[in-house]
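Sequences listed follow chains A and B, in order. Mapping of the first sequence onto the working numbering: position 63 corresponds to residue 63, and the numbering continues sequentially without gaps. Mapping of the second sequence onto the working numbering: position 300 corresponds to residue 300, and the numbering continues sequentially without gaps.
Hint data in this document are derived by calculation from the structure and do not stem from the laboratory. One should not assume that every hint holds.
[To be verified] Derived pair list, reagent style SDA-like, types lysine to any residue, alpha-carbon separation capped at 20 angstroms: (1) A:Lys139 <-> B:Ile194; (2) B:Lys74 <-> A:Ile27; (3) B:Lys32 <-> B:Ile308; (4) A:Lys32 <-> B:Asp73; (5) B:Lys297 <-> B:Ile175; (6) A:Lys32 <-> B:Trp181; (7) A:Lys32 <-> B:Ala72; (8) B:Lys134 <-> A:Tyr36.
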Amino acid sequence: MFDTVIHDVYYLSFAMILVLVLGGGIIAVTSKSLIYCFFGLVSSLLGVAGLYYNLGSPLVAVMQIMIYIGAVCVAIAFGISLTRKTEDEGVKPPDIKAAIPVVLVTAMLGSTLKGLEGRHIVASAHKADESLIGWMLLKEYLLPFEIISILLTVAVIGAVTIALINRRIG
Amino acid sequence: MNISLLGIVGYLVGIAALVGLNAVILVWLERKVAGHMQFRLGPMEVGPHGILQTLADGIKLVSKQLVIPDEADKPLFLLAPIVSLVPIFAAMVPLPFSETVQAWELNIGLLLIIALGLLNTLGILLAGWGSNNKYALLGGARAVAQILAYKIPLLICVMTIIMMTGSFSLRDIAIAQKDTWNVLYQPILFIVYIITVTLETNRSPFDFSEAESELVAGFHTEYSGMGFSLFFLAEYSYMFIAAGLATVLFLGGWHGPWLPGVAWTLIKIYSIIFLMMWFRWTFPRVRIDQMLSFGWKILLPLSLINFIITAGVLAL
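Start from the sequences, fold in the hints, and give me the full structure.
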């Protein structure tokens, strides 16, 4: 009986994570207020961390929280806290340019799913060896690892840009 | 992974009891320490030496009306104390109290605690923004501004210890200090850690986000009743977790003569918390710009130099 309860709890937690990811995402792209967009993004990223955990990789989940929420979102919050609080600083009315990322993401997801078609998907729950990941990052994949660290620079520049644009409008 | 329903329920009840009891003890202790350091007695009326004073205050806070300002952003305002408190329940999972008493041995426990500690800042920012109050907003913005100044030295401290032990697991780190505590190898790092942790838990002399003399009460200016008490539960629980981390990283975890392991862990944790209370009533609050330059110009280079020297010694 306990097993079925655990199973139910597992699906319930998965449903809650989905609400976090999708709800947060919808708030992030539709809200009128910049701070709501920000917390929508935070909730979405937290939910993704939960997904990683459910897929059996606590290390990636913790790293997701540390890098995306601890570094990227804090940098964005820093930028937002430099701006004024007005009602209409969030999402602007729909623009034709907004279609570009939608098309791109749909195409990418579609092709990925098509590539997975017919394959046997096994949920991997084996224990990841963290020291092995460390070795790989500092030996074989050193260059990609360094390139990814540009991400933080991008986040800071984005935050400053948001702040500057709002300053100029105000 | 071996999970049983009873284990989960037992764990949740245990943590809730620990969070509540810890806050009750710490609020009383804080008032007593404050009193005695100022040649007063502190609370004396409710129970022997006022030990039940916090319970009385708690009942008062629970029964109080939760006032929401008209102009406040209601969803954010109500969400903020919850965002502050909830991560604690997960952050207490990997904390070892003795060789056998630990909710769940997680091989990345240290990272988990540090990552979840970041969410507290978001709670403070939410509260600051949701209150629609200048003082609260300033408090929230300060919390975000100072996070980078203390988090990087803190992470370098932790990395040095990880490098010495070769493990992210808090249990392994404590076991490795069976004979010699890390504080004897890394006294400077221990001081840096205590300073950064005082910053992280928003304790005086670094309590910029709630500085009474500057910002009324900072991010929780508009909160009353349960909202206020949830913030305080969170603050005292973060103090407990930070002191627990210091115990495991530097003071040898549960190791000590005669007494059982759990007793030693609790003695060490509450000694560090006492030290933090002592700071509060000894040092005047510094200015935020002083703290930021202290963080970037002194703490960061100090911890980096320590890191490099340790790496060199370990490589020899």
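Verification of the supplied hints:
no.	hint	verdict
1	A:Lys139 <-> B:Ile194	violated, 34 angstroms
2	B:Lys74 <-> A:Ile27	holds, 16 angstroms
3	B:Lys32 <-> B:Ile308	violated, 42 angstroms
4	A:Lys32 <-> B:Asp73	holds, 13 angstroms
5	B:Lys297 <-> B:Ile175	violated, 34 angstroms
6	A:Lys32 <-> B:Trp181	violated, 54 angstroms
7	A:Lys32 <-> B:Ala72	holds, 16 angstroms
8	B:Lys134 <-> A:Tyr36	holds, 19 angstroms
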